[in-house]
Structure formats: structure tokens, C-alpha cells
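Can you build the whole structure from these sequences, using the hints too?
Residues per chain are reported as follows:
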Amino acid sequence: MASVEESLIFSIENFQGPLDLLLHLIRKEEMDIFDIPIIKLVDQYESYIQKMKDLNLTIASEYIYMLSILLNIKAKILIKGKKETKEEDPRTPLVKQIMEYEKIKKLADELKEIYTIWGGTYSREDKGEEILFIEDLNIYQIAEAFNNILKKLKLREKPPFISVKRPDIKEMMVSLLNFLPKNKKPFPFYDYLLTLKSSLEVITAFLSMLELIRLGSVKYLIKDGKDEIYLIYLKELPKDLIFEGYI
Amino acid sequence: MDLKEKVSILEALLLVSTKPLKINQVMEIFQDGDEKGWEEAFSFLEKHFNKEHNGLMIQRVAKGIRLTTKPQMEEYIKTFYQKNIKHNFSRAAFEVLAIIAYNQPITIPEINAIRGISSGGVIKTLLEKKMIKITGRKNVVGKPFLFSTTEEFLIRFGLNSLKDLPKVEEFNALEAE
Amino acid sequence: MDLKEKVSILEALLLVSTKPLKINQVMEIFQDGDEKGWEEAFSFLEKHFNKEHNGLMIQRVAKGIRLTTKPQMEEYIKTFYQKNIKHNFSRAAFEVLAIIAYNQPITIPEINAIRGISSGGVIKTLLEKKMIKITGRKNVVGKPFLFSTTEEFLIRFGLNSLKDLPKVEEFNALEAE
Numbered sequence: 001m002a003s004v005e006e007s008l009i010f011s012i013e014n015f016q017g018p019l020d021l022l023l024h025l026i027r028k029e030e031m032d033i034f035d036i037p038i039i040k041l042v043d044q045y046e047s048y049i050q051k052m053k054d055l056n057l058t059i060a061s062e063y064i065y066m067l068s069i070l071l072n073i074k075a076k077i078l079i080k081g082k083k084e085t086k087e088e089d090p091r092t093p094l095v096k097q098i099m100e101y102e103k104i105k106k107l108a109d110e111l112k113e114i115y116t117i118w119g120g121t122y123s124r125e126d127k128g129e130e131i132l133f134i135e136d137l138n139i140y141q142i143a144e145a146f147n148n149i150l151k152k153l154k155l156r157e158k159p160p161f162i163s164v165k166r167p168d169i170k171e172m173m174v175s176l177l178n179f180l181p182k183n184k185k186p187f188p189f190y191d192y193l194l195t196l197k198s199s200l201e202v203i204t205a206f207l208s209m210l211e212l213i214r215l216g217s218v219k220y221l222i223k224d225g226k227d228e229i230y231l232i233y234l235k236e237l238p239k240d241l242i243f244e245g246y247i
Numbered sequence: 001m002d003l004k005e006k007v008s009i010l011e012a013l014l015l016v017s018t019k020p021l022k023i024n025q026v027m028e029i030f031q032d033g034d035e036k037g038w039e040e041a042f043s044f045l046e047k048h049f050n051k052e053h054n055g056l057m058i059q060r061v062a063k064g065i066r067l068t069t070k071p072q073m074e075e076y077i078k079t080f081y082q083k084n085i086k087h088n089f090s091r092a093a094f095e096v097l098a099i100i101a102y103n104q105p106i107t108i109p110e111i112n113a114i115r116g117i118s119s120g121g122v123i124k125t126l127l128e129k130k131m132i133k134i135t136g137r138k139n140v141v142g143k144p145f146l147f148s149t150t151e152e153f154l155i156r157f158g159l160n161s162l163k164d165l166p167k168v169e170e171f172n173a174l175e176a177e
Numbered sequence: 001m002d003l004k005e006k007v008s009i010l011e012a013l014l015l016v017s018t019k020p021l022k023i024n025q026v027m028e029i030f031q032d033g034d035e036k037g038w039e040e041a042f043s044f045l046e047k048h049f050n051k052e053h054n055g056l057m058i059q060r061v062a063k064g065i066r067l068t069t070k071p072q073m074e075e076y077i078k079t080f081y082q083k084n085i086k087h088n089f090s091r092a093a094f095e096v097l098a099i100i101a102y103n104q105p106i107t108i109p110e111i112n113a114i115r116g117i118s119s120g121g122v123i124k125t126l127l128e129k130k131m132i133k134i135t136g137r138k139n140v141v142g143k144p145f146l147f148s149t150t151e152e153f154l155i156r157f158g159l160n161s162l163k164d165l166p167k168v169e170e171f172n173a174l175e176a177e
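Protein chains in written order, with my numbering: chain A, 1 to 247; chain B, 1 to 177; chain C, 1 to 177.
No lab work stands behind these hints, which were simulated from the structure alone. Quick reminder that beta carbons are idealized off the backbone N, C-alpha and C, glycines included. Worth double-checking, as some hints may not be accurate.
Said to hold, decoys possible - Quick list of in silico lysine to aspartate or glutamate cross-link-like pairs, DMTMM-like style, CA-CA up to 20 Å: (1) C/K78 x B/E5; (2) B/K83 x C/E28; (3) B/K167 x A/E100.
Claimed, not checked - Sample of chain A residues lacking proximity to chain B, with all beta carbon distances greater than 12 Å (derived): (4) K184; (5) K235; (6) E236.
What follows is the structure in C-alpha cells.
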């Protein structure tokens, strides 16, 4: 029995959503797409959903939504009975959607085939710096580039509806100083930035670093040609610290 | 500058250029206004490579030309590098790419409606792989982003332009009813 | 594997690899023990390329061979790169422009802190392209210059004001859709 279940899980997980499942049922049962036996289709669809429930699979909400659409169509058909009316066939919108999806599925297969051949042709590997052609660039790529930088820093901007407290330089100075090893070994400033959560914090951290340097609590050095900043712990902050000129 | 010289220059530029080489790019460098001559050199090179070489070829992609290995060489290159250097796209990715390629520019809600399921994760992968890009916003509630395919898409799929995409089979039967 | 096939494989590998290709490397990968055959393919390719092409050549270096452009092509290639860079953006320049756009006004040390590497050269390029300008000095140690984007930046990217910059959160939201 296990193997039957396994193959069922496999096939369910392979469906690209409810439309794909419907298409599969229609093709498997060789139904006429222009005159779908809707009651049979709904029954089969329902039993698939039931099997997914029995196997404790997480069912995407889209599958449940589709079930409600199917049940709605079924109800309309049953009420209408066999009598001829001028109203639109309740199945039509869904049929159109399924056919549109089938078309995309075929095109996706063709694209895959093309990619299998041409995706494997190579030119000389990129050795110099990558050049971005100006015609290809728009403001969204600028936003994307900045987003990628933030992601690289493992920073996540807080959702806009939560009011973000402006990071406090004094607090940040204390936290940065505590972060540095007390054995006076050079410590990469970048590693400290990785602990922060927003670009505002990064900038505040930078100002804090400058202030710590000014006060003589840390020394900085930049490794040859690397331009990475290293900090060395020197001494604790003076107790009677007065801040000037910030914020 | 005669044909032979033009051909030599083109093949040198083709080797070093990481993107398809376009005639207007070349024309801009040499300022000789001889578009016909350069086009001739492009064609000569195309024929020459395809006749004289079995491992290499000239491809016309993204409205430019590119010097590449032949598709049959993929296995050997993989063996040489001892790893798969080609990105493997999922079935969902090919579906979303097909929807965007044939309906661009298009928003995520519209893509989701065609597939009947959400496609956010796939969009992210396609953006990261530079197969698609955001090209604007749709003037509807929420101003969603509009997505289009990129030049990188054309290159990776060996297409000269979107016109070279496989033709869509029309289903007119339903409308005819 | 006959001579023709060996030659095809070699030329494909020579195209993709920037490092010289060595016979023992190739032998190790294809495990056919046919050193004589590969040596023959190397020689064939060398003669064939140098006879058939005037812009490219096969060069023998340190017990290996590599595919490269002829020395006479050097000048054309340099011009090609310069033109490309002049009209377009390097990835680094684009990254810095993005940082300035979203965090203006901002100093070079702050930009360096965000990128983790130095950005001085790129700033110069962006100033030349008139995408950014100096708008003051920051009141901290060393009084570094503050940089902001220009009017031309807005025009080039089709914005009415900086308020029209897409929100970064919208990109993170893409995954959820």
C-alpha cells in the first residue's frame, strides 16, 4: 500500500496548481473539453483533495478555492437541468481558463526544449568587470541593486507600519566597543555591520565608529589594497561623555 | 578597410566580448559609416565558422552575434569543469517564463490568474537569474510591478528577438461555438 | 574518438577557458590514454587556426595552448572597452549609484562601509556621467564630502522626484505574492 501512497504523493506534488490537476483529470479520463461532464470532474477533483487530506499533505488554498468554484458550477448545472436557455454555459469561464493554461503548459515545454539545446552553449567566461548596458537599466534595477546590497548585508528593513526608532549613536558606540576583542587584535568592522538590521543602523554604526576614533577609544587600520576597515580596541569611553553636532 | 580586415577585427572582438556584438557598436568604434561592409563581414564570419569548425559556432542572438561552443559540446564542457554549469529551471519557472514571454509586460496577479496558483518564489528566481526584469507599474489599484523578459533571456535561449519564440497554437474552436 | 572529434572538443574548451589548456589535463579528464592522438589534435588546431583566422590565434605557452586575439588586435579591443564603459555602467558603478539614490546625502566612507570595499574610482565615473554631485560636507572627522543624485539622474530614470523611487520593501514582498 505504501508504494501506492508514495506515488500518489509524488503525483500530487508534481501538479502546478488546481488548473494542472483539472487538466490532468480531463486528459486522463479522455473527457471532451468542450462538453465536460462536470459532475464526474467535480467528484474526481474532490476525491483527490480528500486523498491529500488523508495523507496529511498541506493543501494550498488555491485548491480549496477551485473546489468552491467547481461546486458552484455543479449547482448551477443541476438547477438548470437539461432545459435550453440563452444564458451562458456556467462551465465556459473555467474551460477557457483551463485551455489558456494548457496552452502555456505547451509553450513552457517548448521553451524547456529550446533551453536544453541552447542553454548549454558557452562563450568565453567573464574575466573583466561586468558591463551593464544603459538601455537595459531602469529605476527598478536601481531599487533591486540596493535591495541586493541590503540582503548581502543580511539586513532586513522593518515593515513600514512599525515606526522605526532612529538608532542612538551613544548606544551604538557602547555596543560596538563591547563587540571588539579586548586583546587589541584588529577586528573587521564589516563583521559588526553583519549583526545590524537596517541601513539606518549601518550608517549610525559608521558614525559611531568615527566618534570612537575621535575619542581615542579605538584605532582603525586599512589593510593594503583591500580597503576593509579593521578596528582595534584601545580604552573604555570617558565617563563624562558629551556629544556634539550629531542628529 | 577591406573585408578581410573587418573579419579579423570582428573575430577578435567576439572572443573578448561577453555580450552579443552588435553592428552599431562596431560602427561607433570605427566611424566609417560602412554598415553594408560590416554586415558582409558578419555573414562571412558566420559561414566561415560553421564550415571550418565543429566545436564552435556563430550565433545570431539578441540582435547581435556571439561566438560560442556548439550545443553538442555541452557534455564535454561539463566533464571538463566536473560540474553542471547550466542553471536548472523548475517546471513552474518555465511556465512563468512562458507567460511573461508571450504576454509582456505583465503583473504578478495576472500571472497567478493564468496559472491558478501563486508564483512569487519563481519570480524571485527568474529575477535573480536575470531572465526577467521589472519595466514599470500597471496603473491599477496597488500599482503592481510589470515584468518583461531580458536580453539575457534571449541569449540563454538562443533567440534573436521575441519574434523567434515558438508560435502559439490558436484555440479558436471555443469562440466558434 | 577520432581526430576530428578531439579537435572539436579542444576548440570548445579553448573558447570557454581563459587558462592555457594542457595535454595531461585533457588526458586525465577523458581517460583514453591516447596522448599521441591529443598531441596530433593540438598541432592540427594550431595550424588550422593560424591559417584560417587573422584576428585569432592559438598560442603555445608553458606546455599548454590557449586561444587568444592576435597582438595587432590589441588597439581595437582597447577602444571597444573604453567606448563600452563610457556609454554604459560597470556593475560597481551601478551599485554605488543605488546606494546614493537611497541614502542621500551620503559620504564615501559610508558608501564603503555599506559595500565593504572601496568605491572611490566609481564615484569619479558617476560624477563624470553627471549622475551624482557634491552637495556639502558632513560635520564629522575629516569633513568628508556629501554626495547626492542629480537632476539628470531623475530625467535619465524617468522620475519626477526622489519620492518616486520604488520602495525597497516592495522587493521583499515579491516573495510572498
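Structure versus earlier hints - violations, ascending order
none
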